Amino acid sequence: MTKNSTDKLVTSTSGIELKSYYTAADIPEQHKPHVDVAPGEAPFHRGFHASGYRSKPWRIFQLSGFGKPEDENERIKFLLKSGETGFIMEHDRNTADHCYNVNHPEVVARCEDVGLTGAVMQSIRDTAICMDGLPVDTSFGHAGGAVVQHAPFALAAYWTVAKQRGFDLSSLKGTGQSDFNLTYLGCVTKEQIPTDAGLRFNADIIEFCAEFLPRWVPVSIAGYNAADTGLTPDQELGVLFANAVEYLDEIKRRGKMSLIQAAQGCGGVSFRASIHIIEEACKMRAARLMWSQLLRERYDISDPKVSNLRIHCVTAGSKMTYQQPFNNIVRGTAMALGAILGGVQSLGVSGYDEALSIPSEHAHQMSIRIQQVLQEETGIADVTDPLGGSFYVETLTAKLIEKAWTFFESIQKQGGYLAALDSGWLHAQAGENQYQEFMKTESGDQKIIGVNCFRDDESPFEVDGFMGTDDAFDVATERLNDVLRTRHEMGAARALKQLEADCRSDKNIMPVMMDALAAEVTLGEIGDVYRDVFGNWNTPIQT
Amino acid sequence: MENSQNRILMAKTGLDGHWRGPTIVARALRDAGFEVIMIGMANTDDIVTAAVDEDVDLVGLNIGGHIDVAIRSIKRVQEVRPSLPIFAGGTIPPHAAKQLQALGVEVYPPGSQLADIVDAAERLTGTK
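Chains as they are written, first to last, in our numbering: chain A, 1 to 543; chain B, 1 to 128.
Hints are computed from structural coordinates only; laboratory data are not their basis. Take the hints with a grain of salt, since some may be wrong.
[To be verified] Stretches of chain A that chain B covers, calculated by requiring three or more beta carbons in the stretch to come under 8 Å of a beta carbon on chain B:
{"id": "1", "stretch": "93 to 103"}
{"id": "2", "stretch": "177 to 189"}
{"id": "3", "stretch": "258 to 269"}
{"id": "4", "stretch": "311 to 323"}
{"id": "5", "stretch": "352 to 358"}
{"id": "6", "stretch": "361 to 371"}
{"id": "7", "stretch": "464 to 476"}
[As the list claims (entries may be wrong)] Chain A is faced by these chain B residues, among others (derived, beta-carbon under 7 Å):
{"id": "8", "residue": "His18"}
{"id": "9", "residue": "Trp19"}
{"id": "10", "residue": "Gly40"}
{"id": "11", "residue": "His95"}
{"id": "12", "residue": "Pro109"}
{"id": "13", "residue": "Pro110"}
[Claimed, not checked] Pairwise CB distance ranges, derived in the manner of DEER restraints:
{"id": "14", "chain 1": "B", "residue 1": "Asp119", "chain 2": "A", "residue 2": "Glu432", "range": "22 to 28 Å"}
{"id": "15", "chain 1": "B", "residue 1": "Arg123", "chain 2": "A", "residue 2": "Val330", "range": "45 to 51 Å"}
{"id": "16", "chain 1": "B", "residue 1": "Ala115", "chain 2": "A", "residue 2": "Glu432", "range": "16 to 22 Å"}
{"id": "17", "chain 1": "A", "residue 1": "Arg296", "chain 2": "B", "residue 2": "Arg7", "range": "53 to 59 Å"}
{"id": "18", "chain 1": "A", "residue 1": "Arg455", "chain 2": "B", "residue 2": "Arg123", "range": "34 to 40 Å"}
Small disclaimer: the values here were computed from a predicted structure and weren't measured. Cβ coordinates follow ideal geometry from the N, Cα and C atoms, glycine included.
Only chain A is shown next, with the shape it has when bound in the complex:
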C-alpha cells in the first residue's frame, strides 16, 4: 500500500470525512441514547433479533437463471443441493422486462440473446417446468418480476402453478420484488408503463397479498439498483425510504387496507453491499433505525413486528472486475462480510465472473461456499451486532442517517420519488456520481487491483464467459406456438378482455391476472394490453 500523507482528507463513499480514530466524544448527541439498546429492540439498528444468526442464519439466496425453463430448474436444484436456502427464478430480460413474447420483432432481431439472462417464461406452462420439484412450500422463493410491469405476470404465474399443485397460497413465502429503482432508474427498458401505472400495480400487489398471501413479501424495494446505478450509500438509504413513502401514501389514499399491514408488506427490502466494509455495515444499521423512525413519525406505527426492517443484500456486481476475475472471490467475501456485520437476513454474493457473463456453475457454487465458510467457520455468526458500541461504527451510523434524511428531503422537494424519477433528477445524480467514481479510478486515486494497478498477473487460470444454452429461442418459439394452438381459446380471449377492462378501471388487477394465467394467456398478449391502456413511460434519459 502506498503511504498517504497523514493530513490528506479521507472520506467514506458517502463523502463523510473520516478521522484516523474515534472516541466516545465523536458519537453525535442524538445517537448516544441508542448505543446501549439491545438488538431486536427499537430503534432496531443493532439487529432484527437479539439472538441474531444463532437462531436464524442469514438466507443464502443467489440470483439464478438462464436458457429454457428446464435449464433454470436444473441450475436452481444444483444451487439448493450446494446449500442455497432460498431460490430465485430469473426470467429472460428480453421478453420479461418488456412483456414481449419471443415472436416480437425486437426479440426476433436479437434471438441469440434470448435466455442469456434468465429462462423464457411466456405462459404458465413454462413457469410450471421451471418450478418442477422445487420446494415452494418449505423454501423462500423469488418468483421473478423484478421489473414493475412484469411483476403481476410473474407472481400470478408462480402462485397459479403453486395452487394447481395443491399448495395453500396463504402459507407461501417469497417475493417478486417489483422494484422501481430497477425499472425506472437502473435499467431503463425500451417500453415500460409510466410510473403512476407502476405505482398502481404495486399497490394492487400489496393489497392482494395482504388478503391472500400474508407471508409473501409483495414488493421489495431494492436500494441495490439505485446504488449500482451510482447513488452513494447515504443516497441509497434516502431513495429507498422516499420510495417506501410513495407506496405507503398511495395505500393510505386508497384506504382499502390497514397501514400497519402495508408497512409490513413494504418492510422487506434489499440493499447493495459494496466494498467499503464498515460503511456498508453501518448502512444496514442505519436503515433499520430509519425505518422505525419513519413509521413512528410519519405514520404513527410503532408495532415492533412492523418497525423491524428485514434486509436482503446483494454484493455489488459493478465492483467485480473483468481483469483477474479470481480476485473477485476476495471481493465477494469482503462485501459479504460488510452485509453480515450489518446484520442482514438474506444474502446473495455476485459471481466471480460477473463482469464477463452470467455465473457459470462453478462461480455460482463459489458464491454459496463463500457464505458457508463465513457462516460455519469464522465465528462471525456467534454474536449479534459485533460492531455495536464501536465509537467509529456508531458515529458513522449516525452520520449516515443524518445525510440520508437530507437526501430523502431533497427528493421530497422535487415533488417526491416518482417526480424525481419522471424528471430525471435521480438519473442525473447517479450519472454524476458514476462519472466521478470512474474519474477516481482513471486518475489512480482509487486503486482497483488488476485494473489500474498490479496488472502484471501471470496466473495461468483464465475464465471465459458462461454462455448458457443455444436453443432457448427455438424452444420458446415452439412452446409459444404450442400454447396458442392448444389452449382453450375462448377462455383465454375472455380473460384477456377482462384484463383490459380491469386495467382501464380502478380494480385490483391481480385477481384477473390470476384468471388470465390460469387461462394460459401469454406474456406478450398482456404486454399489448398494457401498451394499449397505459402507453409508454417518457424516459428522462438518453442511453
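The hints should help you fit chain B onto chain A, whose structure is shown.
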C-alpha cells in the same frame, strides 16, 4: 482535423436497459469534443439506418448480450459502409472479444480506461 468535426454513433445491441457504461463513455467522448449521437437499444436495421443517415465517422456499440447479435449488426454496417470504423464495449467475454477483433472491431471491456477509449476514437476518426 478537430474532434468536433467528427460524429460518433452509439448504440446498445441488446434489450437490457442498464445504462452506466455507454453514458460514461458518451460523456468522455463529448468532453473530448466529439459529437455523439445516442440511439439507445437498437437492432441491426436501426444501427445501419443511423450510420448512413447521420453520416457518422465512427460507431460505438455497447454489447450486453450474445456476441452473434452484435456480429450481425457489425457485418451489415460493414457491407453498407465498408470503411466506417467500429469499436465496442460492454460485457464481452474473451472468446467474444476475439471474434470481434477478427472483424476489425476494437474491444474495450469493463475496466478499460476512458483515456484509451478517447484515444481510440481520435485514432479511428483520423484526428490523431
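Hint-by-hint comparison with the structure:
Only residues whose C-beta sits within less than 8 Å of a C-beta in chain B count toward coverage, and the stretch 93 to 103 of chain A has 4 of them, enough to reach three; the restraint holds. Only residues whose beta carbon comes within less than 8 Å of a beta carbon in chain B count, and the stretch 177 to 189 of chain A has 4; three or more means the coverage holds. Counting residues of the stretch 258 to 269 of chain A whose beta carbon lies closer than 8 Å to any beta carbon of chain B gives 0, which falls short of the minimum of three for the stated coverage. With a threshold of 8 Å between beta carbons, the proposed coverage of the stretch 311 to 323 of chain A by chain B holds, since 4 of its residues qualify and at least three are required.
Coverage of the stretch 352 to 358 of chain A by chain B holds. Counting CB-CB distances below 8 Å, 3 residues qualify, and the rule asks for three or more. Closer than 8 Å: that is the beta-carbon criterion, and the stretch 361 to 371 of chain A has 0 residues meeting it against chain B, so the requirement of 3 is violated. Counting residues of the stretch 464 to 476 of chain A whose CB lies closer than 8 Å to any CB of chain B gives 3, which reaches the minimum of 3, so the coverage claim holds. Annotation: histidine 18/B was flagged as interfacial toward chain A, and the flag holds, the nearest CB pair being 5 Å apart, inside 7 Å.
The closest approach between the C-beta of tryptophan 19/B and any C-beta of chain A is roughly 4 Å, which is under the 7 Å cut-off, so the hint is satisfied. Using the Cβ-Cβ criterion of 7 Å, the hint placing glycine 40/B at the interface with chain A is satisfied: the shortest such distance is roughly 5 Å. Checking histidine 95/B against chain A: minimum C-beta separation of about 5 Å stays under 7 Å; hint holds. A least Cβ separation of about 5 Å between proline 109/B and chain A falls short of the 7 Å threshold, and the interface hint therefore holds.
Because the smallest distance between the Cβ of proline 110/B and any Cβ of chain A comes to about 4 Å, under 7 Å, the interface hint for this residue holds. Between aspartate 119/B and glutamate 432/A, the C-beta spacing of about 24 Å keeps the proposed range 22 to 28 Å intact. Between arginine 123/B and valine 330/A the Cβ separation comes to about 36 Å, which falls outside the hinted range of 45 to 51 Å. Taking the beta carbon of each, alanine 115/B and glutamate 432/A are about 20 Å apart, inside 16 to 22 Å as hinted.
At roughly 56 Å, the beta-carbon separation of arginine 296/A and arginine 7/B lies within the given 53 to 59 Å, and the hint holds. For arginine 455/A and arginine 123/B, the Cβ-Cβ distance of about 22 Å falls outside the hinted range of 34 to 40 Å, so the restraint is violated.
Checked against the numbered hints given earlier, the structure breaks hints 3, 6, 15, 18 and satisfies all the rest.
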